[in-house]
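2 protein chains.
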Amino acid sequence: MTDRHLYDKHADTLVRALAAISERGYWSAYPESPSPRIYGEKAAAEGATAFQAYLDNRFPLDQPGTDGWIATEASPFGVELAVTYPHAEAGALVAAATAAMPAWRDAGPQVRAGVCLEILARLHAHVFELANAVQFTSGQAFVMAFQAGGAHALDRALEALAYAYAEMTRHPGEAEWEKPAGSKASAEPLRLLKRFHVVPRGIGLVVGCNTFPTWNSYPGLFASLVTGNPVIVKPHPRAVLPLAITVRYAREVLAEAGFDPNLVLLAPEAPGEALASTLAVRPEVKIIDYTGSTAFGEWLEENARQAVVYTEKAGVNTIVVDSTDDFAGMCRNIGFSLTLYSGQMCTTPQNVLVPAGGIGTDQGHKSFDEVAAGIAASVGKLTGDPARAVELTGAIVNDGVLDRLDEVKSIGEPVLDSRVVEHPAYEGAIVRTPAIVKLPADAEATYGKEWFGPISFVIATDSTAESLEIFRSTAGTRGAITASVYSTDDKVLDDAEAAALDVGVHLSCNLTGGVFVNQSAAFSDFHASGANPAANAALTDGAYVASRFRIVQSRRHTTS
Amino acid sequence: MTDRHLYDKHADTLVRALAAISERGYWSAYPESPSPRIYGEKAAAEGATAFQAYLDNRFPLDQPGTDGWIATEASPFGVELAVTYPHAEAGALVAAATAAMPAWRDAGPQVRAGVCLEILARLHAHVFELANAVQFTSGQAFVMAFQAGGAHALDRALEALAYAYAEMTRHPGEAEWEKPAGSKASAEPLRLLKRFHVVPRGIGLVVGCNTFPTWNSYPGLFASLVTGNPVIVKPHPRAVLPLAITVRYAREVLAEAGFDPNLVLLAPEAPGEALASTLAVRPEVKIIDYTGSTAFGEWLEENARQAVVYTEKAGVNTIVVDSTDDFAGMCRNIGFSLTLYSGQMCTTPQNVLVPAGGIGTDQGHKSFDEVAAGIAASVGKLTGDPARAVELTGAIVNDGVLDRLDEVKSIGEPVLDSRVVEHPAYEGAIVRTPAIVKLPADAEATYGKEWFGPISFVIATDSTAESLEIFRSTAGTRGAITASVYSTDDKVLDDAEAAALDVGVHLSCNLTGGVFVNQSAAFSDFHASGANPAANAALTDGAYVASRFRIVQSRRHTTS
Chain A
1 MTDRHLYDKH ADTLVRALAA ISERGYWSAY PESPSPRIYG EKAAAEGATA FQAYLDNRFP
61 LDQPGTDGWI ATEASPFGVE LAVTYPHAEA GALVAAATAA MPAWRDAGPQ VRAGVCLEIL
121 ARLHAHVFEL ANAVQFTSGQ AFVMAFQAGG AHALDRALEA LAYAYAEMTR HPGEAEWEKP
181 AGSKASAEPL RLLKRFHVVP RGIGLVVGCN TFPTWNSYPG LFASLVTGNP VIVKPHPRAV
241 LPLAITVRYA REVLAEAGFD PNLVLLAPEA PGEALASTLA VRPEVKIIDY TGSTAFGEWL
301 EENARQAVVY TEKAGVNTIV VDSTDDFAGM CRNIGFSLTL YSGQMCTTPQ NVLVPAGGIG
361 TDQGHKSFDE VAAGIAASVG KLTGDPARAV ELTGAIVNDG VLDRLDEVKS IGEPVLDSRV
421 VEHPAYEGAI VRTPAIVKLP ADAEATYGKE WFGPISFVIA TDSTAESLEI FRSTAGTRGA
481 ITASVYSTDD KVLDDAEAAA LDVGVHLSCN LTGGVFVNQS AAFSDFHASG ANPAANAALT
541 DGAYVASRFR IVQSRRHTTS
Chain B
1 MTDRHLYDKH ADTLVRALAA ISERGYWSAY PESPSPRIYG EKAAAEGATA FQAYLDNRFP
61 LDQPGTDGWI ATEASPFGVE LAVTYPHAEA GALVAAATAA MPAWRDAGPQ VRAGVCLEIL
121 ARLHAHVFEL ANAVQFTSGQ AFVMAFQAGG AHALDRALEA LAYAYAEMTR HPGEAEWEKP
181 AGSKASAEPL RLLKRFHVVP RGIGLVVGCN TFPTWNSYPG LFASLVTGNP VIVKPHPRAV
241 LPLAITVRYA REVLAEAGFD PNLVLLAPEA PGEALASTLA VRPEVKIIDY TGSTAFGEWL
301 EENARQAVVY TEKAGVNTIV VDSTDDFAGM CRNIGFSLTL YSGQMCTTPQ NVLVPAGGIG
361 TDQGHKSFDE VAAGIAASVG KLTGDPARAV ELTGAIVNDG VLDRLDEVKS IGEPVLDSRV
421 VEHPAYEGAI VRTPAIVKLP ADAEATYGKE WFGPISFVIA TDSTAESLEI FRSTAGTRGA
481 ITASVYSTDD KVLDDAEAAA LDVGVHLSCN LTGGVFVNQS AAFSDFHASG ANPAANAALT
541 DGAYVASRFR IVQSRRHTTS
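As you go down the protein sequences, you meet chains A and B in turn.
So that you can map any letter, position 174 of the first sequence is 174 in full-length UniProt numbering, and since no number is skipped, the others follow by simple counting.
So that you can map any letter, position 522 of the second sequence is 522 in full-length UniProt numbering, and since no number is skipped, the others follow by simple counting.
Chain A extracted, bound-state conformation:
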């Protein structure tokens, strides 16, 4: 069964994805709207039913070395999950993955790409099931979970797969080398036949996060897998289900295709087990993809020396407000960015830098306080009606966010207080609206670090020039995934772009419509740059995939 039929089946998708990554225009392979007109009338209900069937049950995963069943999740929506997952020791997982590798390596890039594309298709066929799992573990509202956790995650997976495929196939599998006859050393041409093998690095370890269990895990998972590496998926203890579902269908497709399903393994950890640390320093683990806290990311970089380590960590995202020709649009856009998923995105803006003397707008001069109030009013409008609010904010992912919301009450001058919202559908859901706090420019000790969650600061600066200096300083020191600027002055936009280049942060300019700074589109936007402390890699570019395999050649003489 290790033939090319799955490659042939999905070749059109791959070809289109390869074009998309080189054009970087708009493209998506997996429709982001959960509309029944696209997915059919039954899809949503079937997905919900499939999700429900997992609850209060053993997750259907037949993995080697299972030594117990564990449940560690607690839904931000207050829903009782009680899914138990098969636990195994690191040694058993590593042994199973190692044994699975050679046949997968020898299958070659095309066969592997075909199987991985089939896994993506299978996951897409279960996208509603996946969306429910993401919603109830991460706290995202349903539509966002469907998009970020389903369709967009699959798009990012396909993007990474396309880069990896391009990298593996940029050289031919074989080449004839013929050196013309020289004057001395050889009277006849020298001929060699050379074979170039793509060989995997070893085991890939993917360490998932709580907020975006699929979106942040899929690129590394599929980039490592398609390049020949078995992958052990270590989910966040509070967001296991989305990756368990992923591993389930990956194993199903691998087995159908004639490969060892242990090429993809779930590694749920018992409370306090620190399984990620144990796995990360195993000599067989050669690639690690991690999203989460700076502390553990730095620990991995420091200690997992045998592996290539890709990390996405904390950052301080910034908006520089200089002037605007659409004050209402600006406030609406920023307000939406702060509200979406209660600011629990690595791309959510935190620091809004506004000149203390105010700004010029299409509505005339606006004072610093008026700008802060405009943004606050926009958030207020989006969150005024509980039923509408919760579809935007979702729920709070964990107590750390609540703790920070408490802490920020004693800091600065509030522009907007965080409110408790009762969720109309889930009475146990923990819902909070964004808090906005005014700070002076010299409060860098406060705003210079990440306050993950629905917390942002409107900071009064001397001037836009000082705003840009603060942006350089915080992004340079703490890193950033996103930055944006509002100005009607091309010089300011150019200065902001120069600052963004210097500190290596992607910049959005004058977003006032339906594009938000915290959203990045697969195949077009690079997510993170790898050029500042917030991440050491980007989704997705050549650097993200090229070190996941090596080329080993053999050569022999030919006569012709």
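Rather than coming from a laboratory, the hints here were simulated on the basis of the structure.
Being a predicted model, the structure only gives us computed values, none of them experimental.
Ideal placement from N, C-alpha and C gives every residue a C-beta, glycine not left out.
Check each hint, because a few of them may be wrong.
[What the hints assert, rightly or not] Rough simulated footprint, nothing fancy, chain A against chain B, three-plus residues with beta-carbon under 8 Å: (1) 357-365; (2) 505-512; (3) 529-543; (4) 551-558.
[Claimed, not checked] Computed cross-link-like contacts, DSS-like style, restricted to lysine-lysine with a CA-CA straight-line distance of at most 30 Å: (5) Lys-449/B with Lys-409/B; (6) Lys-42/A with Lys-179/B; (7) Lys-179/B with Lys-9/A.
[To be verified] Partial selection, computed: residues in chain A whose CB lies under 7 Å from chain B: (8) Gly-25; (9) Glu-178; (10) Ala-181; (11) Leu-190; (12) Leu-507; (13) Asp-541; (14) Ala-543; (15) Ser-547; (16) Gln-553.
Based on these hints, arrange chain B on the given structure of chain A.
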């Protein structure tokens, strides 16, 4: 002057190089024969004269921060060099390089590629001067110095430059993104114009080696430079001149093209200064390319945590002899490989594994001792006449090699003793012929580590299967740059290839003619794999270049 005219001038070369790296067949941009029919009647004499003019003189390099002039070289040919080089503190070099970076970054990939190609052309115009410098610092014989130190080094530089250029330009500089109108969020299409900037990582540090000062340094130097990074070149204290000449002409071209010449800086070190260690941990240094001892390579990987570190270290190269249909050709080929540059190549075979019971050949059965004697006789023939010998062996690069030649006398059973050869032209030259020693298979404590220099072991194994096990073990533990196998049995060749894949070592099969295991051809052969402990990168592939820069994007709305 920061226009595209140098790009246009060299575009054909770049296009051809880009084709070559994707085809991996034979191609070379710089003729390897120093024949006057190719380079003209005067080239050799002019090169020698230019080289002579450097001796006993201050090297013409006008660099910032010069605080003294130092001479650290001692020629293996016994020639008095006495070239003094401008010394500067790490801080001065880093400051100058940092200041040079922004304009170089902003010039973009095409302009940078044009300038770098012009540097290569300038170096090629001075290739005889370069060859003399490589000869008299490394101890290579002239023709080898011309080839490996001149033409082939330039080919490898161009190869790295082509990979880097391809990587920088695989995405467009700008793209329009238009998302079709959705049902809810947007009634109209969303349009953004996105700009993708290639941004350098920081300063590149190239740490050169004694034996191949140019060949091993050029790929990293040009890969870092063309991707926008200033480069500080720290030569080996005993092989400064080839890189000083390189830096001289690079600075000349940069200045002519309107750029800050401090984009390329020479950092010669005073005795005991350990300047490489100081530079390597500077926060501004973001890329390091190193060739040399395993100890310092591992120190760099361990300590230069702020940088991407590419290292080529020690390894144990192996030949597995199973059988042959050309016994004479095999012995001739292996003998040549051991003799070339007195075995002072990172690609020279060290361990020749032969079944104790002998092998089948076109000359009938040959005993283990006959195989060893056949190889020894081949070396003896190549080194019998001093005048011919020295043109192959060159001279011994340093006392470490002599010490090992002494040490090996007390080990195993000699098959061939190393001899002292008087150099007909340079009476101070230190010339030694190869030593070959017989060892049993259980002497892994001896043959399991690198004996850099003209030292090899013929090791008696139980069988070819055991030979392959020993190959797996030594290459897996200590690493290897090359491996080769001789067999008339396709099954053995396949087994050897499987072993080579498992331990990540490039394999040559049945080399009996004019191709040698220690030679790799730019644009076709990968040098090192990055898949075993001998090196963490290959020359050259996507992984070698992709992490030398990042992409930073900016996006703004467009209306159309």
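Tested hints:
no. : hint                     : verdict
1   : 357-365                  : violated (count 0)
2   : 505-512                  : holds (count 8)
3   : 529-543                  : holds (count 7)
4   : 551-558                  : holds (count 7)
5   : Lys-449/B with Lys-409/B : holds (16 Å)
6   : Lys-42/A with Lys-179/B  : holds (27 Å)
7   : Lys-179/B with Lys-9/A   : holds (27 Å)
8   : Gly-25                   : holds (5 Å)
9   : Glu-178                  : holds (5 Å)
10  : Ala-181                  : violated (10 Å)
11  : Leu-190                  : holds (5 Å)
12  : Leu-507                  : holds (4 Å)
13  : Asp-541                  : holds (6 Å)
14  : Ala-543                  : holds (4 Å)
15  : Ser-547                  : holds (5 Å)
16  : Gln-553                  : holds (5 Å)
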